[in-house]
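K.L.:
Hey, can you work out the whole structure from these sequences and the hints?
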Amino acid sequence: PPDESMNIIETEHDIDTICPVSITPNYYIDNIDIEQRTEYTEKIKKAYEKIKQDCDMVIIEGTPNFRYYCRVGLDDVTIAKELGIDGIYFILDVSTDNFVDTLLFTKKYLDFREMKINGLIMNQIDFDYVERVKELQKKHIEKYDIPLVGIIQKDPSLSEPTVLEIMEGIGAELINNPPDESMNKNVKSILVGAMDVTSAMKYVRQSVSAACITGGDRSELILATLESNVSVIILTGYIQPDIS
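Residue numbers for the sequence shown follow this note's numbering, beginning at 39 and rising by one.
None of these hints come from the bench; they were simulated from the model.
Fair warning: there could be bad hints in the mix.
[Unchecked claim] Simulated pairs of lysine-lysine, DSBU-like, Cα-Cα distance not exceeding 35 Å: (1) K181 - K223; (2) K154 - K84; (3) K181 - K145; (4) K146 - K181; (5) K154 - K176; (6) K90 - K154; (7) K172 - K192; (8) K181 - K240; (9) K145 - K172; (10) K223 - K176; (11) K119 - K172.
P.N.:
Spelled out as structure tokens, the structure:
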């Protein structure tokens with residue numbers, strides 16, 4: 039089936055063009071020589087040239103850290119220079135004052151590599167830390183001549199899939215006919231029903247909008263869980279429960 043993320047970003051390019059090179063985290067230092075590095079770099083450049091033909095702007099996501107793949111010459115800064123890019127946007131997801139240290143360290147490194155920070159984006163920031171970021175912006179960030187492009191507050195719903203999304207993700211089959219609104223319920227936690235009913239129900243009652251995973255032969259636990267506030271019960275083992 040087509041990759042759903044391709045629909046989200048609305049592109050006609052296939053995944054091999056969007057991500058032309060994939061490097062495993064282990065043994066790449068031994069496996070990537072100068073010839074392989076050149077091949078990977080050319081693949082990335084070719085994909086970039088193809089994508090940018092019909093785009094006003096191309097966003098290139100880097101690795102989780104500037105250090106990654108530095109030893110083999112495939113780190114973010116090296117690739118950016120190969121593509122003719124002279125500035126980047128730095129994204130941080132830290133809700134402590136330590137982000138200022140990280141920003142300063144990164145700026146010094148990028149200055150050394152002759153790469154400009156076009157802007158800072160604070161991502162997944164805790165609600166109670168947003169004002170602190172604004173305060174530090176005036177006292178510290180502006181001193182480094184780095185624009186604060188935006189602050190994206192942490193949204194718990196992004197990590198709370200719906201029942202329908204879980205069902206589609208694991209290829210599950212419905213064994214009852216719930217109302218449509220039940221399929222749109224969010225799942226906020228996961229419970230594994232491996233205990234006896236009495237012990238398991240202590241956790242079930244304390245949870246809110248949970249997905250309970252248990253064997254299809256655990257009829258007593260299934261019946262007890264149906265009377266609770268769980269969003270969905272996921273049965274394993276390809277066993278249909280006997281709840282007669």
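K.L.:
Hint by hint, which ones does the structure fall short of?
P.N.:
Those not satisfied are hints 1, 8, 10.
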